[in-house]
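> Sequence:
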Amino acid sequence: MKKNIFVLLLVFIMSVLNASSQGRGAQDRMMFLDYGDRFFAEAFVVPTSQPDSATVTILFRMANDFLTFVRNDDRSDNGGEYVANMQVSIEVRDSMGVIRQRIPWKSNAYTNTFEETNSKTEFHYGWATLRVGPGTYTIAIELLAKKESQQRQLRLPPVTFRSGRSKSPIATPVFGEPQKSGALRPYVFGGNLAFGPRDASAWIIVDDTSETMYDYRLRQLPYDIRDIRWWAVSDVVGEERVQPRQNITLSSRSTNDIPLLESSSVGQGGVGLLNIDIPTTGLVPGRYQLDLVRRGSTDTIAVKFHVMWELMPLSLRTIEYAIEILQYVTTEDELDVIDDGSDPERREKLMAWWKKQDPTPTTTWNERMSEYYRRVDQAFFAFSTIQEPDGARSDRGKIYILHGPPTTTSKKMTTSDRPVEVWTYANKVGKTFTFETNDRGIVELMDIK
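With the first letter of the sequence shown counted as 1, position 156 gets the number 156 in the numbering used here; the numbers rise by one all the way through.
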């Protein structure tokens, strides 16, 4: 039933898109592939040298596809061939609902090609800082320059600043990619950790003025009934020493493409910083808890968060479809074994099958599985027609999924006025595939050389 809903929804979407995009090529139609909202934000608090004052840093990012690009006709502007106006309004309210600050922010985003303007994986960043006193604050971020169909506003979880000592972390952790310089490139993923092929760091600000040791344990939490199940991973344990009297700031090297956070020692004041290594390559998507215990005391910090696959292929999210589309790379007998049992059992068997195909078995990130289902998604949309709604099950879809995009494509007409499409692979595939549209409007594979 879930598979039918998934396919029917995509078929409906494609019927609308096919009607509105006649004449578009396969690559053009791929831009309609939608992985959901592509506008993210998070905020964290850092106390200042004044006992009743703190700085709130607000970070946000938006995908190119979220913005409206136009050709850049300003000859004095060397940013890029296309430009988009990024305008954001930030509203901060206290616990009584009173607006404390409104912050306007604007900048320009640039790309060099039209294809990049529709990218869902290329982002532009922005940030703002403000001073607050003790209290709890709610932050709303509204994107003013946007496409009409896109999400308009984000409301962040409340942020709290308490003066005086606290056994809790001063701010929510900031997850990001550690840099060789010691800086942190934040993910800006709504307080979540991005699942991927690289390990991460968590910066946790604590109320410690000395080099105190903390013991920590990172553990996987039970799956919710609505979660996509992976497999169990072992706890991660370790210890970390507080870096005292640190000042956490946005680096002067930050750009709209790459924001960076830096920590530096200060003579007086500052905060304690725990820099926890997170072995993301050993984790799977799901819910986690990081427990930190201050050595020599019972002071405990518990931080809950999600590891999320930001661009998880749509075709992998529905178990029935994810199993059935394996038909190109496995046997019917194997499919029957994987497809037997409850949803959690089938999901576990599917992941186990892919684990055997993993080119990097020492990590949980499976490049082969990711690429396979990414191609399935692209093929579904790129080769969908009225006659073949599921482009991934078409002949062109099969070749695309197995071999990726061709090096070159060409189109011509046969003597009987039938469209012919020729795909040439000049790479290690080393083959040419010829497709012909039959009388029913179905594109068939006619020849392989």
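Hints were generated in silico from the structure; no laboratory data involved. Nothing here was measured: the structure is a model prediction, and the numbers come from that model. Hints are not guaranteed to be accurate.
Unchecked claim - Subject to a maximum C-alpha distance of 27 Å in a straight line, what follows is the list of computed BS3-like cross-link-like pairs (lysine-lysine):
no., residue 1, residue 2
1, Lys428, Lys412
2, Lys449, Lys428
3, Lys412, Lys431
4, Lys428, Lys356
5, Lys431, Lys411
6, Lys355, Lys411
7, Lys411, Lys398
8, Lys411, Lys356
9, Lys449, Lys398
10, Lys120, Lys106
11, Lys412, Lys449
12, Lys398, Lys412
13, Lys398, Lys431
14, Lys356, Lys398
15, Lys412, Lys355
16, Lys449, Lys431
17, Lys120, Lys398
18, Lys411, Lys428
19, Lys428, Lys398
20, Lys398, Lys349
> All hints, please: hold or fail.
Outcome of the hint check:
1. Lys428 - Lys412: This hinted pair holds, its Cα atoms lying about 25 Å apart.
2. Lys449 - Lys428: holds, 14 Å
3. Lys412 - Lys431: holds, 19 Å
4. Lys428 - Lys356: holds, 23 Å
5. Lys431 - Lys411: holds, 17 Å
6. Lys355 - Lys411: violated, 39 Å
7. Lys411 - Lys398: holds, 19 Å
8. Lys411 - Lys356: Distance ~39 Å between lysine 411 and lysine 356 Cα, so the pair is violated.
9. Lys449 - Lys398: Since the Cα atoms of lysine 449 and lysine 398 sit roughly 16 Å apart, the hinted pair holds (cutoff 27 Å).
10. Lys120 - Lys106: Since the Cα atoms of lysine 120 and lysine 106 sit roughly 21 Å apart, the hinted pair holds (cutoff 27 Å).
11. Lys412 - Lys449: holds, 18 Å
12. Lys398 - Lys412: Status holds; Cα separation ~21 Å.
13. Lys398 - Lys431: Status holds; Cα separation ~15 Å.
14. Lys356 - Lys398: Cα-Cα ~22 Å, so holds.
15. Lys412 - Lys355: violated, 42 Å
16. Lys449 - Lys431: holds, 6 Å
17. Lys120 - Lys398: Cα-Cα ~24 Å, so holds.
18. Lys411 - Lys428: holds, 23 Å
19. Lys428 - Lys398: holds, 18 Å
20. Lys398 - Lys349: It holds: about 23 Å lies between the C-alpha atoms, which stays within 27 Å.
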